[in-house]
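Please build the complex by placing chains B and C on the supplied structure of chain A, with the hints as guidance.
Residue numbers (our numbering), protein chains in the order written: chain A, 1 to 358; chain B, 359 to 607; chain C, 608 to 869.
These aren't lab readings, by the way, just hints derived from the structure by calculation.
Any given hint could turn out to be false.
Partial chain A-side listing against chain B, Cβ under 7 Å, derived [as the list claims (entries may be wrong)]:
hint, residue
1, Ala56
2, Glu57
3, Ala87
4, Ala184
5, Arg312
6, Ser322
Computed, partial: chain A to chain C, Cβ under 7 Å [said to hold, decoys possible]:
hint, residue
7, Val105
8, Gly110
9, Leu111
10, Lys142
11, Gly151
12, Gln173
13, Asn219
By construction, the Cβ of each residue, glycine as well, lies at the ideal position given by its N, Cα and C atoms.
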Amino acid sequence: MITRRTALAGLAGALASPAIVAAQTAKPLVVRFGFANVGVDNRQFSGGSSLAVAHAEHYFEKELADSPNVRIEYFFFKGAGPAVNEAFANSQLDFASQGDLPQVVGRANGLKTRQLGGNGAHGPMYLAVPANSELRSVKELKGRKVSIFRGTNNHLAAVKVLAANGLTERDLQGINMDEASTNAALATGNIDAAFGNFGLLLLERQGLVKIIYTTKGDNPAFERQGTLIADDGFVTRNPDITQKIVTAFVKAAHWSSQEENRDAFFEISARSGRPAAAYNGDFSGQALKYRNSPLIDDYLLEQYRTQARQAREYGLIRREVSIDGWFDPQFLQAALKQLGLERYWSRYDAGGKPQDKA
Amino acid sequence: MKRALRGAVLPVALLLLWELANRSGWVDPRILPPLERVARTAVDQVVNQGLLGHLGSSLLRDVIGFTLGTLFGLAVGTVLGLSRIADRLFMPTFNGLRQIAILAWIPLIAIWFGMGETAKIVFIMAAAFIPVVLNTYEGVRSASAQLVEVARALTFTRWQVVTRLYLPSALPSIATGVHLALIYAWVASIGSEYFMTVGPGIGGMIIAGRERFEMDLVMLGVLILGGVGYLINRSASLLEAWLLRWQRA
Amino acid sequence: MRTASLPLPAAGVSFPPAAVALLFPAFLLVLWSLAARLGWLPPQILPAPEEVGSALLELARNGDLARDTGISLLRVVEGFAAGCVLGLLLGVAMGLSPTVEDYVRPLFTAFAQVPTLGWIPLLMLLVGIGEGLKILVIAKAAFVPVTLNTLAGIRAVPAHYSEVGTVFRFSRWQMLSRVIFPAAVPPIFTGLRYGLTHSWNALVAVELLASAEGLGYLLVWGRQMFWLDTMMAAMAMIGIVGFLLDRVMAMLEARLQRWRVA
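In isolation and in its complexed conformation, chain A is listed as follows (with noise of 0.2 Å):
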């Protein structure tokens, strides 16, 4: 794994780094690639979006390949959204994969970031618990120790999901734990439950939890949803960049759209030390265009629009955040044009429903 020259090579080059990012102005570029998630034991994958499978394809860099000045180097955050978060803050990426909890969050506290596509829309989340817990809803949690990964968007899902059932944060005992961390957890049932999702279908696999409530084939207003997400300021003196990156992506998309591609999509995203029958499991009853589509339509907007509202509710954010402004369709109806792909996802109105061609 870990040579101890690549670590102090590591170590150098990390220190050298502010350095790296003063010399942009000159040719060679570095595009930092953020995800707010990490594989198994800290592999360095993602799973179950097109993003994901972007990355683990080197789909960004088959488009680059002709700006030979350009590389990316890929960041996998343990600590999730807020830790990418933490990254844009200190001008340290470039892009990212992330939810929209940490994004609304991060757009409360003035980072300045462009919406670029969708990336995982309609996600559930899932409550385990240990295999021999009398635990069966959500209603039981109440005083009981709960895992929550706060600032991700399980946890805005989680928020709503508890005042459904009459219950505020505050009535459980709410531990902040990152996904192994929660795994490790609840298979030693030191804690009573957890909300989250890809890493609790590995352990429903390996029998160790049970999942007692999902918020698929509930109210849709409890999914997750996901963006590729960019630092703005780069995004204005990149623009030829961007679109690449950008193009890239739809091409990702389009490939994790085609249900002939279903079982291929699971095996790349099991890439991250989570069976593809989890995976499996996540997608199952939804097709996979439903879930990949890249499209910045009313529906995801809307979305938007709630989650931004429904985090001040809930008093995650401290002030209101308007998402105008925010999302720029430029790049991705440029590579929907130069790919033939205009017509090919269906765009969703406010209402989730599939609106009549434009």
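Using the frame of chain A, we list chains B and C on its own:
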């Protein structure tokens, strides 16, 4: 000789108990892995998983943070000790801020410096900085009034007074400060790996072991920390002694 | 002839130390407010001081701050008490009996080389992440300095004290209670003070890693949600409580001194 033997009794007894507990199936091997497994993991880690690389990264981070923090601390401590105005202006704020447990600064530093090595090094610097400032300040401040007279008599320049008189006389205090800084910096180095973004390091290895529920990895980490801790303590004492020898020269 | 000190203000002009102490913080506050207002730093890096103030007030008002502080304090008290008792016992045993020391010292030293932070993941695997973990970690943090200082204190009792005791034909118990312990109290108390400081730091460490409540927990929650104001409020409370704990120990120490002299 007798003392050495006595000293070995408890550790040996513990090891025997450990083996027994495993052999008899008394204890869940996940909670207490057999000794052989810990040994095998150790070998595997060194040979296959780059354990030495991790250790090297932790130590490198430690040394960089320690050096920067100590140098900075020496400068600031000297100024505060020499200048009554600076003392009265800044010491109360410094004393107030240092009441906040050092680990409590991690979230703020993480937000202010983001991911990567910079944030970790800033934290380690802070951990080393505090004892060095305090002890240098004390040492310089309590330099006797006679020194001031001598300085006048010898018509030293300001710089010479500081380097030839004040600092040498403050050396015992400074040595204590540096000793503490070395220890605090090491603990801070581990802390930074626990709480900031993943990177190479022993702390990261321990956290990974905990998450994967690999007790042998965690125990190995504890042993390494103990060993390195011992070396750091010894180095700190040696460093302190060396600094004091310098004083007599 | 110039000395190394900066020239003092003209004779006759002196400022009360308290006022001078507040000058720099006041200056920082003004700078901070200006920076926030003029947008020198992005708001996610530095919120306006008014926001931090109102966050503090809000936390105080809705009882969150009081509750989390109370929980943290309780944990420290319990862990510290446990660690002190064990530390005193071991320190006294080792101090009074060289045999015991021979047997125990090497293992103890090895144990003490590993920083508290290093023990936390191990303990998490052994006892989970409940209250037990917190108390154990805090107790460990107090245990080492208390043991060491108690041992040193007992050792440091001058030989002629014991001789005086022998002259008076003190019994073993009288020797201990009238001669050895009173003489060892100051270093033992120093050990207790260090122990409390280490305990408080250990509490912060363990609450940052795995907790459902307490000041460290508040700090983590704030970090996840980018609530810098909450984070700073929690940090301020951690500093204040840490300071007060040490002040209390210092006062007790002073009182003990007076009692000894009497």
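Can you list which hints this structure breaks, lowest number first? 1, 2, 5, 6, 10 and 13
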